[in-house]
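Student: Modelling step: build the complete structure from the supplied sequences, incorporating the hints.
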Amino acid sequence: ANALLAVGTLATLVIITFFVTSSDSGSLVIDIITAGGRPNPPVAQRIYWASTEGAVAAILLIGGGLGALQTAAISAGLPFAILILLMIYSLQKALMTDYATLNRSPERI
Numbered sequence: 338a339n340a341l342l343a344v345g346t347l348a349t350l351v352i353i354t355f356f357v358t359s360s361d362s363g364s365l366v367i368d369i370i371t372a373g374g375r376p377n378p379p380v381a382q383r384i385y386w387a388s389t390e391g392a393v394a395a396i397l398l399i400g401g402g403l404g405a406l407q408t409a410a411i412s413a414g415l416p417f418a419i420l421i422l423l424m425i426y427s428l429q430k431a432l433m434t435d436y437a438t439l440n441r442s443p444e445r446i
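Following this note's numbering, the numbering of the sequence shown begins with 338 at its first residue and continues without gaps.
Treat the hints as calculated values from the structure; they're not laboratory data. Every residue, glycine too, gets a C-beta built ideally from N, C-alpha and C.
Across the chosen pairs, the derived CB separations fall in these ranges:
| id | residue 1 | residue 2 | range |
| --- | --- | --- | --- |
| 1 | Ile411 | Ile370 | 19 to 25 Å |
| 2 | Ala348 | Gln382 | 29 to 35 Å |
| 3 | Arg375 | Ile399 | 31 to 37 Å |
| 4 | Gly391 | Gly414 | 18 to 24 Å |
| 5 | Arg441 | Leu420 | 28 to 34 Å |
| 6 | Met433 | Gly373 | 35 to 41 Å |
Tutor: Here it is in structure tokens:
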């Protein structure tokens, strides 16, 4: 029973650490983007973005439960999935063009 409690406590600490560091990283990225790309934006601005991110997650959890949070994550991720598919197509097209150019060139690398 004590071993199970210890493992549960350790797992909880690891999960909390994961979520806190992920949130911190996300807030840093948003902060740098909104600061015009400056690598060291004001700390108050970063605190604003971190608290806004936490407030949105809390409102979604309280208002609609886990289902609302999952729906919001999927809705936000869908445009990025489409963008990634377009990037894959563009990369394949560029690689095929490069391959054709290398095969035509008399000086093959």
